[in-house]
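For the protein sequence lines, the chains are A and B, in the order given.
Going by our numbering, the first sequence opens with residue 1, and the numbers climb by one from there.
Going by our numbering, the second sequence opens with residue 1001, and the numbers climb by one from there.
Just to be clear, a hint being listed does not mean it is correct.
[As the list claims (entries may be wrong)] Simulated DEER-style distance windows between Cβ atoms:
1) Lys173/A to Val1231/B: 21 to 31 Å
2) Asp170/A to Arg1331/B: 54 to 64 Å
3) Ile95/A to Glu1204/B: 50 to 60 Å
[Claimed, not checked] Simulated crosslink set (DSS-like; lysine-lysine; CA at most 25 Å straight-line):
4) Lys1347/B to Lys374/A
5) Lys1200/B to Lys49/A
6) Lys174/A to Lys146/A
7) Lys1200/B to Lys278/A
8) Lys1355/B to Lys278/A
9) Lys1211/B to Lys35/A
10) Lys1211/B to Lys341/A
11) Lys1211/B to Lys56/A
12) Lys428/A to Lys400/A
13) Lys1355/B to Lys35/A
Because the hints were derived from the structure by calculation, they are not lab data.
Don't be surprised by glycine CBs; every beta carbon is placed ideally from N, CA and C.
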Amino acid sequence: MFQGLSEKLTSVFDKLRKSGKLTEKDVDLALNEVKMALLEADVNFKVVKNFTKRVKERCLGADVLKSLTPTQFVVKIVLEELTLLLGTERAKINISSKKPTIILMAGLQGSGKTTTTAKLGLHLRKDEKKNPMLVACDIYRPAAVKQLQVLGDQLSMEVFTGEAGMRPADIAKKAVEYAQVHDFDVVILDTAGRLHIDEQMMAEVKGIKEAVSPHEILLVVDAMTGQDAVNMATSFNELLELTGIILTKLDGDARGGAALSIREVTGKPVKFIGVGEKSSSLEPFYPERMAQRILGMGDMLSLIEKAQANMDEEKMKEIEKRVLAADFNFNDFLYQLNQIKRMGPLDQLLGMIPGMSSMAGGLSEFSFDDKKFKRFEAIVLSMTERERNYPDLIDGSRRKRIAEGSGNTIQDVNQLLKQFTQMRKMMKQLGSLGKKQGKSKFAKFLGM
Amino acid sequence: MSEELQKITPQEETEAVVYTRQWDESRIIVLLIGLSLLIEGLLIYYQAGPSQMIVAGVTGLAGVTLLLFAWLVPFEAFDDTTPIDENEKPEISAKTAEIVQYQQKVAASTAAVETELQKSAEPAVIEKAAEPVIEKTIEPVVEEAEPEMSWFQRLKKGLTKTRSGFVGKLKRLVLGSTKIDDALLDQLEEALYEADVGVKTTQELLSYLHKKVDEEDITDPNRIYEILREVLRGMLTRFSSEAVFNANGLTVFMIIGVNGVGKTTTIAKLARRFVKEGKKVVLAAGDTFRAAAIDQLGIWGERVGVEVIRGSEGGDPGALVFDAIHAAKRREADLLIVDTAGRMHVKVNLMAELKKMQKIAEKENNGGPQEILLVLDATTGQNAVQQAKLFKEVLPITGLIVTKLDGTAKGGVLFAVEEQICAPVKFIGVGEKMDDLMPFNPEQFLEALFADDSEKTKQSDYLVL
């Protein structure tokens, strides 16, 4: 299991037991951890080497800020450099002043070009209020044209397909002419997947480029790509002069180090990321988040966004109050369980919180379909509304009834009740702690 | 309580203990509530801002404490009903405070970094790498497309692009040195990383090499190369690469993998291979999710000349497996290959669907699919290990198929993947043509793995399709 980088660095510096100025040896040790983290994330070896060199120079050149521990200092510099490298600007699609804007999608087989073409079309229509047309230039893979047509149908978006025997460059040309006549704002060309060393196919895509001179040439890259990302990106960039990158399949657990490699060798911005199979799951690229993801540092912002999407604010504030008053009851408990359930697998959620990733270790085994989890739910659901609101009411005979009602033993019910009581006690302590210590301390605790 | 807290300390120090901790039910409950509170605390802060600082803080703190409680406290503590003694309280909160301080550090560092980033974002200076990182030469080699190549020639052709490579590089490296020194081992390390072998496996290999060098007092750099190759070969030949067939009756292969690795194409190639061997093959278009995936397999079926059992798009793949097995039996087929939709290995419900397909195959055909083959894209990096792990948790994978080895990617992650799933690579894909799928040969793979990229060029296979 991969630990968060800051945890690793903390353990390095704990061993050194030093503070204040960083010696070269300290930095080397710390940077070795950074190197491993980046390699683990599939950042290209050479890119890692250059990167750590830069970070080292910065670390040695600067005094550690007084307010930061050495760990925080190194992490700060690493994150800053990573974010800088990934791009500081929010990259958008360049819309040409003259209609139509032509976008060419290129990439290896299986990187997700066709799906992304449809997603990009939807994004441009929804967020940029444009009228896009999709063009199927992949005449090789069986049913690739059909795939784009089906996706187009689902989104009620026009899909231009060539006639039998037409070469991709001709299809592209015809499509642009068609778009001019029918007043489309944007033309998105889906091309066949090709290996960067396949000369004929690379010549073909260059032919498409020359035929229609696209305003945007986007390389679609699988986030899971390993060390080879640099070779691939370099070849495509040399041949096509890319204008941007779209990183796909980030809904998996890949750290996406390829983004860094590609950015470093091409200098082109990542414009979007694909985070799911639905046509709506194309998102803008946030360098800071990607930097944190690559380092395995958790992703608080994504977590908060997820929470915002899934949690009811009003209800939450109510629970807050009861937590502070140690009045937390089984209804709240049930509600919370269900909310977390909606937010996704537990280990993923934990992984997004810095410092918690190591906890997620054994958790992948556990899913919400788990029988154990259902048993707890059953126990709570077998309580009456009054019992859920006032857990203290539950006496011996009620326990027996609940156990029978939920198909569990009395011991099971007892155990749950015990834990619950303990938890409430703890919350009470925390509540009083909060009142005593006042605002300043908590502001400090949060550090936000 | 204090005793228990003391018990924790040694556990904290041993990582292994921490990682293998069982997530029993009680712990999970506490954890869930903690997590929920923490998220709520964060959310309150982000939405309401500093005005709600105390509420957010206390909630967050409660969440963190519960999380740590779930994490650190031994299970027996949950059975302890004795009320918390007033005297022991300070100790507990001391411990909690310590833990919280640690969390604080982490949170503060992230926050500090975030603020710093906002500041530094404005100048927007991007330091460009001092030197170009990759040297790339494409030497055009004109070759006639030869449809009538032997399998060995095809393999060679597929892999020549990677030939002269790592092996070459390594040989040069080794032959160029007269002694075994750190520089040599560093370069070796680099070569392994660049082939996607991964941090863990690379480190293991290197420490093994170090040990060997010390033990046997090796001074000849050539021996290093031999030893490394031996070890790697040993890793690749642990399991038999033979595909398993049902002695009498229908054999079922199930093909699984994440999106875009080439499952459908690979199935067509597999079908072609076994048809050539004289088997009667039927395909099941089990990818009912992706647009036009059924048509894609259908077209391949026509080209290869095998029947494709189709369901409807969006239909239940489990039902399709059922139908396909019975259809294949009626047709007295030897082999049924089941396609599945690509799925991210982290999606629990989609993985459950795979399990269901396997169960149905098991029930309807007297024993599970004879082969459950995980398809991996050779360009995939370290995430392949994670993929293998999660698929393996759901299904008893019997082997791997590695596709796209005709690119410059080395697929070095295979070593770690094989170890993870305890199953061998059975087939590799080395080109776009129908015959470009072949049984795995560890020797040739090693050759390719160690190959240099400088001479890689590829002639398109599309036009001959």
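Next on the checklist: For a quick check of understanding: which of the numbered hints are violated here, in increasing order?
Outcome noted: 1, 2, 7, 10, 11, 12 and 13
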